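Engineer: If you want the building blocks of each chain, they are given just below.
Number of protein chains: 2
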Amino acid sequence: MKNQLLHTVEGLKDIHPIDTSKKNVIERNILNVINSYGYEQVQTPTFEYFDIYHYKRGTADGKNLYKFFNREGDILALRPDVTPSVARYMATFYSHTRGPKRFCYLGNVFYNNENYQGKLREYTQAGVECIGIENAEADAEVIALAINSLLASGLTKFKVDIGHVAYFNGLVNEAGLDNDTQETLRMLIDDKNYIALEEMLEEHEIKKNIKKAFIDLPKLFGDASILEKAKTYTNNKISIDAIDRIEEVYTILKDYNVSKYVSFDFGMVSKLQYYTGTIFKGYTYDVGDSIVDGGRYDNLLGTYSYDAPATGFAIKIDELLNALTRQKIDIEVLTVNTLLVYNKGHRSTAIKLAESLRRQGMTVELGINGLSTKESIEYGKAKNIGGMMMIKDSDTIILKNLSTDEESTTLISDLVEGGL
Amino acid sequence: MKNQLLHTVEGLKDIHPIDTSKKNVIERNILNVINSYGYEQVQTPTFEYFDIYHYKRGTADGKNLYKFFNREGDILALRPDVTPSVARYMATFYSHTRGPKRFCYLGNVFYNNENYQGKLREYTQAGVECIGIENAEADAEVIALAINSLLASGLTKFKVDIGHVAYFNGLVNEAGLDNDTQETLRMLIDDKNYIALEEMLEEHEIKKNIKKAFIDLPKLFGDASILEKAKTYTNNKISIDAIDRIEEVYTILKDYNVSKYVSFDFGMVSKLQYYTGTIFKGYTYDVGDSIVDGGRYDNLLGTYSYDAPATGFAIKIDELLNALTRQKIDIEVLTVNTLLVYNKGHRSTAIKLAESLRRQGMTVELGINGLSTKESIEYGKAKNIGGMMMIKDSDTIILKNLSTDEESTTLISDLVEGGL
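Just so you know, the sequences run in chain order A and B.
Residue numbers for the first sequence follow our numbering, so the first one is 1 and each next one is one higher.
Residue numbers for the second sequence follow our numbering, so the first one is 1 and each next one is one higher.
If you're looking for bench data, these hints aren't it; they were derived computationally from the structure.
A portion of the hints provided could be inaccurate.
Note that identical chains are pooled: a pair holds if it fits in a single copy or bridges any two copies.
Unchecked claim - The calculated lysine to aspartate or glutamate pairs, modelled on EDC-like cross-linking and capped at a C-alpha distance of 20 Å, are: (1) Lys63 with Asp74; (2) Lys352 with Asp223; (3) Lys67 with Glu10; (4) Lys13 with Asp81; (5) Lys344 with Glu134; (6) Lys67 with Glu122; (7) Lys63 with Glu114; (8) Lys260 with Asp191.
Quantities reported herein were computed from a predicted structural model and do not represent experimental measurements.
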């Protein structure tokens with residue numbers, strides 16, 4: 001029997017100081033970029049009424065939610081995604097306003113999923129929602145912003161795959177498939193399950209070119225040349241319009257100077273059914289899952305009685321930090337500069353000196369724990385503290401560099417302006 | 001019937017952009033101060049095994065928790081307090097290390113309480129835990145840090161009341177009261193229910209001076225003179241040692257130059273039973289509840305098989321923001337500088353200009369929503385955007401100050417270094 005008292009809950013984790021500091025830096029850098037595009041941060045609650053994630057909205061699979069009750073007996077769920085909450089927020093507070101809205105958020109999401117491959121069940125997302133604009137400029141803006149956000153985190157080697165749900169939908173339409181068949185097809189393509197895919201298509205009477213398109217879809221990804229290739233499978237307007245849209249988005253992304261991070265994937269048939277247009281996913285090395293997911297969802301807001309087009313993305317901060325760590329990309333974090341130790345008789349001097357140094361921007365830890373000098377040195381080194389100050393007398397301190405062990409003496413009055 | 005789809009769950013709220021920005025600033029300033037004392041930030045999960053909050057630890061009332069199950073059938077609870085998680089974290093990862101540990105955190109906590117007075121059921125806490133040091137210096141450090149954290153948020157008018165659980169415990173000991181009576185007494189004193197308090201004390205045979213102490217306890221608060229007064233009620237060592245400890249803490253707080261924010265309260269008999277020594281609460285005007293709670297809890301870590309003394313505090317960020325807002329204390333936040341509008345023909349120029357300005361640190365929103373110039377001006381003013389840029393031709397833009405409506409013309413090449 002495991003000792004529950006010393007463990008985090010299955011799929012959840014403690015984040016150590018060094019990683020928390022790095023996470024803070026990444027989040028700050030990403031939010032700075034997002035803010036620089038005019039996106040305003042909102043905070044929505046950690047849980048919502050379960051109905052917010054109603055299956056008809058396609059926002060989440062109810063089985064994968066953490067569900068519970070409050071004192072009022074309402075069924076609640078920890079959010080698996082912040083987008084439905086922002087949509088609800090938008091509908092509540094801005095239904096009478098005109099013009100676009102640009103919102104962003106930073107917060108944790110929760111999946112009560114089957115814990116294969118050690119997937120996290122709680123992780124942090126930073127995301128944006130661009131509401132009220134249905135054009136290629138908006139699609140391109142959020143994709144460029146996703147790319148610039150990843151760059152701001154320090155990541156350099158990554159790709160953002162762009163697709164469009166209407167390419168697949170147009171083919172399905174043309175083939176005249178019923179809903180159940182569509183769903184099975186979507187699943188098989190998403191899983192790249194070629195054999196079952198071919199078997200299934202054999203069972204249906206479908207035009208040859210469409211059948212070939214479905215079979216090729218899982219492989220229909222790559223650089224811009226794939227756009228031309230996608231056109232060869234069909235002439236139906238829905239699918240062709242989808243390709244045209246992606247081409248326009250790509251043209252704009254060149255102006256953003258981020259096209260080298262872009263590739264295309266028509267086999268991306270999102271399981272999140274609220275997507276309605278251009279969709280994208282970002283991948284890097286050394287982590288299995290995507291690090292950013294995004295796309296257009298023009299029908300979601302309407303389900304909250306506020307009919308407006310929208311597009312957005314969410315970056316998985318913890319996965320991103322994993323990738324940065326594994327790719328050995330350095331993230332500069334603040335560490336403790338100084339351990340200040342003293343004998344009881346100099347307590348007052350020590351406290352005043354520490355306070356003065358902190359006001360000057362230094363990080364100073366007071367040695368108030370009764371350790372000997374030798375123990376303090378060991379402690380400081382173990383915590384990677386840069387230097388140690390030892391109060392010698394009321395005027396003088398000894399400075400010790402904890403990396404080199406070099407020592408020097410200095411006047412306290414030289415360290416503080418205007419005396420203590 | 002209320003429309004659940006447009007509402008947050010009872011007791012939870014959406015936080016608008018202006019308040020989210022202010023919250024970010026407050027949190028950052030507070031964490032900077034906390035870090036400057038050598039505290040390292042950790043992140044623990046949003047929920048834990050319910051057993052972590054076991055009643056014997058006195059960390060929370062199980063009735064007030066949001067409880068639920070995961071797929072494995074474990075009973076889980078949203079954290080009502082981060083301290084038990086940090087204690088668990090400490091016991092898991094640092095049980096074999098020596099020396100003190102200073103941890104801090106920022107995160108949301110959850111109370112499934114009865115929603116009287118519109119109390120929030122989810123709110124953000126920033127807190128510290130100073131582990132492994134049992135002396136007045138550590139007590140004073142966390143109190144000084146709490147005060148400096150509040151000052152860093154911009155708050156100036158507040159008091160931190162200091163008490164000590166052993167003063168009350170010593171009296172209870174002396175009076176020889178059983179546990180149930182102690183609890184009733186604690187509750188009546190905490191509620192300042194004088195009449196029921198006197199009635200209850202009448203029912204027990206208690207020494208006259210002790211009875212008077214219990215009756216006076218709810219009023220035993222004020223400046224340092226209250227320390228002398230507290231000594232007049234008893235000679236029992238436990239209570240007197242408690243006063244001596246507070247006096248030493250107060251002496252140290254004078255060195256920290258924060259004693260003017262300090263007062264004393266012996267009627268503070270915390271309901272959180274994990275406190276074992278010096279305790280404190282911070283109050284300001286215009287909000288009913290405390291904005292910071294803290295104190296010493298020397299027995300909690302032992303319940304996770306890591307026996308170590310500890311002290312800490314948690315600041316209620318949302319209450320603090322409320323107080324700052326009501327006290328009209330300005331918090332400077334970043335707003336959108338510029339709305340950049342263009343005709344379709346200048347899209348490429350507009351995007352390149354926007355990207356260049358963003359790299360220079362400006363906040364630029366692109367007018368890609370097809371609004372007319374007049375509508376864009378209205379939109380920009382409604383969003384409090386400072387100025388508008390309109391691309392006139394490929395070399396020139398018109399700058400419009402949205403506060404004064406003044407216009408000027410400038411060369412694009414003057415705004416970007418090295419051309420687009």
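Engineer: Each hint needs a verdict: does it hold in this structure or not?
Structural biologist: Here is what the structure says about each hint:
For a Cα distance limit of 20 Å, the shortest separation of lysine 63 from aspartate 74 qualifies both inside one copy, at 17 Å, and across copies, at 16 Å. For the homomeric pair lysine 352 and aspartate 223, neither the shortest alpha-carbon distance inside one copy (62 Å) nor that between copies (23 Å) is at most 20 Å. For the identical chains of this complex, lysine 67 and glutamate 10 are neighbours both inside a copy (16 Å) and across copies (16 Å), given an alpha-carbon limit of 20 Å. In this homomeric assembly, lysine 13 and aspartate 81 come within 20 Å of each other (Cα to Cα) both inside a single copy, at 19 Å, and across copies, at 17 Å.
Taking the closest pair of Cα atoms, lysine 344 and glutamate 134 come within 20 Å of each other only across two copies (15 Å); inside a single copy the shortest separation is 69 Å, beyond that limit. With identical chains, the CA atoms of lysine 67 and glutamate 122 are at most 20 Å apart both within one copy (14 Å) and between copies (17 Å). For a Cα distance limit of 20 Å, the shortest separation of lysine 63 from glutamate 114 inside one copy, 10 Å, qualifies, whereas the shortest one across copies, 29 Å, does not. Taking identical chains as interchangeable, the C-alpha atoms of lysine 260 and aspartate 191 are never at most 20 Å apart, the minima being 27 Å within one chain and 66 Å between chains.
In this structure, the earlier hints numbered 2 and 8 are contradicted, and the remaining ones agree with it.
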